[in-house]
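Student: One-letter residues, chain by chain:
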Amino acid sequence: MTMNKIEKKDIPALALGAALLGSGGGGTPTYEPLMLSALIDQFGPIPVVTTESLTAEDCVLPIAYMGAPSVSIEKLPNGREYEIIRQNVETFLGKKPSVLISAEIGGSNAFTALLLSHRLQLPVLDADLIGRAFPQLEMATPNLFGISASPAFIADSLGKSALLQAPDAATIELMARHMTIACGSSAAIALYLMSGTEAKTSVVAGSLSRACMLGDLILYAQAQGLRAPEYLATKTDARIIATGSIRNIQTQIIDGFTVGTASIEGDQNVTVSYKNEFLLARTEHTICAATPDIIALLDEETGIPIQTDSLAYGLRVALVTIPAPAIWKTKKGLELTGPHAFGF
Amino acid sequence: MNNKSSRSIIGIDIGGTNTDSVVLSLQPLSQEVLFTAKTTTSSDIISGIEKALATIVQKAPINAHDVCALFISSTHAINAILEAKNLHTVGIIRLAQNNPAILPGTGWNEHLKQALKLSVETVAGGYEIDGRVMAPINKQEVINATKRLLDKGAESIAIMGVFSPLYPEQERMVKDLIISRFGHIPLTCSYEMGSIGFIERENATILNSALKKCIADGFKQISDCCNAKGFSCPFYVVQNNGSTITLEQARAFPILLLAAGQTNSCNGAALLSGYRDCIIIDIGGTSTDIGLVKNGLTRRMLGNSLIAGIPLAISMPNLCSLAIGGGSIITKTPFDTHVGPESVGAALFEKAVFNGGELLTLTDIALHSGLFTELPTTSKFAISKKEALVIMEQTVQRIAHAVERFATLEKDLPLVFVGGGAALFPTPVLQKYFPQRLVVKPDHADVANAFGAACALVSGTIDETISLTEQDRVITELCERAKQKAVDNGACPKTVSIVDLAIMPYAYTAQPIARARICAAGRLKL
Chain Z
1 MTMNKIEKKD IPALALGAAL LGSGGGGTPT YEPLMLSALI DQFGPIPVVT TESLTAEDCV
61 LPIAYMGAPS VSIEKLPNGR EYEIIRQNVE TFLGKKPSVL ISAEIGGSNA FTALLLSHRL
121 QLPVLDADLI GRAFPQLEMA TPNLFGISAS PAFIADSLGK SALLQAPDAA TIELMARHMT
181 IACGSSAAIA LYLMSGTEAK TSVVAGSLSR ACMLGDLILY AQAQGLRAPE YLATKTDARI
241 IATGSIRNIQ TQIIDGFTVG TASIEGDQNV TVSYKNEFLL ARTEHTICAA TPDIIALLDE
301 ETGIPIQTDS LAYGLRVALV TIPAPAIWKT KKGLELTGPH AFGF
Chain S
1 MNNKSSRSII GIDIGGTNTD SVVLSLQPLS QEVLFTAKTT TSSDIISGIE KALATIVQKA
61 PINAHDVCAL FISSTHAINA ILEAKNLHTV GIIRLAQNNP AILPGTGWNE HLKQALKLSV
121 ETVAGGYEID GRVMAPINKQ EVINATKRLL DKGAESIAIM GVFSPLYPEQ ERMVKDLIIS
181 RFGHIPLTCS YEMGSIGFIE RENATILNSA LKKCIADGFK QISDCCNAKG FSCPFYVVQN
241 NGSTITLEQA RAFPILLLAA GQTNSCNGAA LLSGYRDCII IDIGGTSTDI GLVKNGLTRR
301 MLGNSLIAGI PLAISMPNLC SLAIGGGSII TKTPFDTHVG PESVGAALFE KAVFNGGELL
361 TLTDIALHSG LFTELPTTSK FAISKKEALV IMEQTVQRIA HAVERFATLE KDLPLVFVGG
421 GAALFPTPVL QKYFPQRLVV KPDHADVANA FGAACALVSG TIDETISLTE QDRVITELCE
481 RAKQKAVDNG ACPKTVSIVD LAIMPYAYTA QPIARARICA AGRLKL
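Here the protein sequences line up with chains Z and S, keeping their order.
Using the working numbering, you'd call the opening residue of the first sequence number 1 and step up by one each time.
Using the working numbering, you'd call the opening residue of the second sequence number 1 and step up by one each time.
These aren't lab readings, by the way, just hints derived from the structure by calculation.
Just so it is clear, the structure is predicted and the values come from calculations on it, not from any experiment.
Note that beta-carbon positions come from the ideal geometry of N, C-alpha and C, so glycine has one too.
Hints should not be assumed to be uniformly reliable.
[What the hints assert, rightly or not] Partial list, computed: chain S residues near chain Z (C-beta under 8 Å):
| id | residue |
| --- | --- |
| 1 | 97 |
| 2 | 199 |
| 3 | 375 |
Next up, chain Z with everything else stripped away, as it sits in the complex (with noise of 0.2 Å):
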């Protein structure tokens, strides 16, 4: 089923199943569903295109609000920063976006493009760069396809903003990292710009409604008194590791990334490790899952992400996995986000 518009009743479904695709990280979908709610509210649905209906002639916008999680819920955006952007686009490189693309489907960012597409006037796709939520700026898909994230825009609520221009995305991300502790550790971004037929062959397609789709699953089951996660493994490719108690958790915020692990202990003791998203999952003996694929942890009944920032001692869950795309299978992709880019 394609998707052509987000509506208010999808707001919840989209929500559930971002916060489970950022695969404990992202941050969760907290104000933004509000503010979607709102803006449909005053101004109607927003408009969704797919990858197929993309030509040579779209300029597609990649954006995404880059920063800690704890500031975002209290700077609130307002939306000029993507204004801003959108300007610094059409002075210094001399095009006109045609279409939003969420950077990042898992966690918060799946709902910057949708609450932008009004302001902006410019519809969606259903897709993101990334699949699931990823710590860093290089851990995308476009950049598996040779495509440059320079140049990068940031800009800020305050009206703060940069050009950015590195050789490659890694150093991209190191200096939008210190743009955005300039701009008070959130900002607004926009990269990896790409035509219509670039955006084709590396975005990651259907992303929305994926999450979507997730999100009805879990709602489903709650609504008909069934286990989530249970629900869930028997309807998706999502597989249940383990469940029981959280137990021994150890956070430490580490250069403005929540890093730690925490254990799950029940049929099997499970220790995850973190670092802002879930990364590995192990027993003593074997590993049970591993960074790219999405591992998540819900409540054992209602199915509900648990994030790595809001882990707390005796909470009952279900750790789950759930395949990433295919394109961070591959050797380069591996490269880029297996467990040895994480230090494992």
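Following the hints, put chain S in place on chain Z, whose structure we already have.
Tutor: Same frame as chain Z, now just chain S:
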């Protein structure tokens, strides 16, 4: 019962339907229940308390001047929000140079939004997370904004600054400015309302301002009324986490009472039963609340709560509520019979059939079935005794289903039945539907909430931003200060311990800092 015990404490729970009271004698290790009473909550709540206190003065074996403390829990605050009644209208001043796109009250139910007549003014101000000022306060701009809000009919003001929990200076300055210019309008600063999270904190700030009407007024009357009856002891009010705050704190921060009634209900039931791990089933006049107590603590909701659809950073007990209570109205259709969801509430004795009224309630059904015999009746009921028995069994079955779904994983925990409506169901009948579990109905189960209030721990809270460079030393020091605060509030030093400790580190700051919220509590000092 002329043996007038020298020292005692009183617990009063003001519910939506009933006001319960209990008098406990104070012994070093145990509390003996000396007296209990149940009165109906009047539409004007203070007269319900007056009635309760009058009954105690008349009938309880104590002297008013021997009472060393009075504990009050109530569902005032949450009911005012749910019914959108008795609230101040609120004007909001946002100190936010970033000018958030989302407006105050987004997602609220329209009814409440209209009752509060929310209006907002955004002025220059706010901080970055690292402490840089986004924009300085312009005094004239604040004065003009306040004037516009008051002109639009705001009775109270909510001051909401970006990153104020870390940097409260601007909010304090604006508060002083407004008071010096406009006199004492009810005001709430958001930095006192919670942590980082603009929307939840703004919601709490708005509701706190709005609630000052019923809580500040209500509690002012309570103290006058107690004094008039000869009670000169200190008052304590049960707050969200089940411990107590002072009357002054309750009046300044009524938001702290939103979850108090529910938490207190679970605590009281668990204490009465003597179990530290149990499932609580509180059957009241209108609803049945099922809660879980583990290791003496009520299971709470994951993450933030929704109250009347409003996201708030307040941890609420995780309860399952059914619209079943002693006052539930029975409706018969050609196909079946429904219990609830409507209830006669406090008007049971005026409206129910057993006392000559016209509405068939669950209490009537219980009496007619013969399962409940504690009220006299000579009325004729429109259904057969057999039908009444079937309705009773179906009702227990509904409760049983809800319990099993609520606590699927706690298969062996005992069930503690409390509340005024619990008497309708004899223990053997209940036991039949829970063959795997122990069913307990403790003595004084009908006044469990008041008992919970009387046993509430006296607390002290510290809420500060700390540097994490010397984390251990700083936290130990703060814990000591929280304990001292609890002692200052009336807790016995030997019994004080830390009951809540939250350290919330902030990412991306130049110095590693965190917000620490620490609550210490202990038993009342005798």
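Student: Compare the structure with the hints numbered earlier in the document and write down the numbers of the violated ones, lowest to highest.
Tutor: Violated hint: only 3; rest satisfied.
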